[in-house]
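Visitor: Chain residues, written in single-letter form:
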Amino acid sequence: MSNKEIPNEIQNKLDEFHVEVPELPMKSSKLERLPNWIYGPARDPLEILGISGNSIGRLVFYPLAFVLLLFFTPIFFI
Amino acid sequence: MSSNNDAASYESKKRVEHTIEELFVIYKAPIYRFVFRYCQDEQLCLDLVQDTFVKFHKYQAYFDEKKSNIKTYLFRIAYQLMINRLKKRSRMKKILPFLYVNSQQQNLSYEDKFTIQAAIQQLPDKQRAVILLTYYHDLTQKDISGILEIPIGTVKSRLDASLKKLKALLEGNK
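Note that the protein sequences, when read in sequence, are chains A and B. Using the numbering used here, you'd call the opening residue of the first sequence number 1 and step up by one each time. Using the numbering used here, you'd call the opening residue of the second sequence number 1 and step up by one each time.
Hints are computed from structural coordinates only; laboratory data are not their basis. From the three backbone atoms N, C-alpha and C, an ideal C-beta is built for every residue, glycine too. One thing to keep in mind: the hints can contain errors.
[Claimed, not checked] Just some of the chain B residues that point at chain A, by a computed CB distance under 8 Å:
id, residue
1, Glu21
2, Tyr27
3, Lys28
4, Ala29
5, Arg33
6, Phe36
7, Arg37
8, Leu46
9, Asp47
10, Val49
11, Gln50
12, Val54
13, Ile116
14, Ile120
15, Asp138
16, Leu170
Use the sequences and the hints to build the structure in full.
Guide: Okay, here's the thing in structure tokens:
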């Protein structure tokens, strides 16, 4: 099967996928790649606690709960 | 005598490097486009293009012009590197899920789900490579079978299946 045999409607859709090629050097050392890895997108670590931008209550509550837990834990060892 | 050998070796090395530079200029864009359309991750694709030429430089001696052409050889290297990198990433994702952002598909809006980018991303891996190489890179089925290291019959069946699946995805009939 060649390109001509691909239905026109799919060809039109496939043509919409343009890719801009950025400037890239032939080689880059691991040290040069490290910042890309460090600054790459990562998952929000607070997502699991349900903390988003405007949930200040939870943002205050979780550290407070942690501090209280840390404070009262020695009581169980007396 | 020794200096003659050194000079010959230097000339040969210079010629090889020049050739690789030329190849880089010619093939960096097609290879980048192929890997980008496959995995849609810009940073990974930049690394893959560079790694392809580094690996080519290393294994250039194994390239046999009679068996395949240079484009097929470079695409095969890029494809193998990409598959290995994606497998490694998938393993890491299972071990350290908190380091990875949610997959692109989950974040897509209703309208975006019917774009060609999303449809290609939803194709099974094996079918995706076949349709990308056929349509965007105008490669023959023989070349594709060489790149993916599968029989020509399998290329045909995967292409057929990918077109059906793509049509269904674009129409929204999953």
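Visitor: Work down the list of hints and note, for each, if the structure agrees.
Guide: Hints, one by one, checked against the model:
Among the interface hints, the one on Glu21 of chain B holds; its C-beta lies about 7 Å from the nearest C-beta in chain A, closer than the 8 Å criterion. Residue-level restraint check for Tyr27 of chain B is violated (minimum Cβ-Cβ distance to chain A is 11 Å; threshold 8 Å). Look at Lys28 of chain B: its Cβ gets to within about 7 Å of chain A, closer than 8 Å, so that hint holds up. With its C-beta approaching chain A no nearer than about 5 Å, Ala29 of chain B sits inside the 8 Å limit, and its interface hint holds.
Look at Arg33 of chain B: its Cβ gets to within about 5 Å of chain A, closer than 8 Å, so that hint holds up. With its C-beta approaching chain A no nearer than about 5 Å, Phe36 of chain B sits inside the 8 Å limit, and its interface hint holds. Taking 8 Å as the C-beta contact cut-off toward chain A, the hint placing Arg37 of chain B at the interface holds, the least distance being around 6 Å. With 8 Å as the threshold, the beta carbon of Leu46 of chain B comes within range of chain A, its nearest partner Cβ sitting at about 5 Å, so the hint holds.
Against a cut-off of 8 Å between C-beta atoms, the interface hint on Asp47 of chain B holds, since the closest Cβ of chain A lies about 6 Å away. Interface hint status for Val49 of chain B: upheld, as the beta-carbon distance to the closest one in chain A is roughly 6 Å, under 8 Å. Hint on Gln50 of chain B holds. Least Cβ distance to chain A is approximately 6 Å, under the 8 Å limit. For Val54 of chain B, the interface hint holds, since its Cβ comes within 8 Å of a Cβ in chain A; the closest pair sits about 7 Å apart.
The restraint placing Ile116 of chain B at the interface with chain A holds, with a minimum CB-CB distance near 5 Å, inside the 8 Å limit. Taken as an interface hint, Ile120 of chain B checks out: its beta carbon lies about 7 Å from the nearest beta carbon of chain A, inside 8 Å. Residue-level restraint check for Asp138 of chain B holds (minimum Cβ-Cβ distance to chain A is 7 Å; threshold 8 Å). Below 8 Å, beta-carbon pairs count as interface contacts, and Leu170 of chain B has one with chain A at about 6 Å; its hint therefore holds.
The structure fails hint 2 only (numbered hints given earlier).
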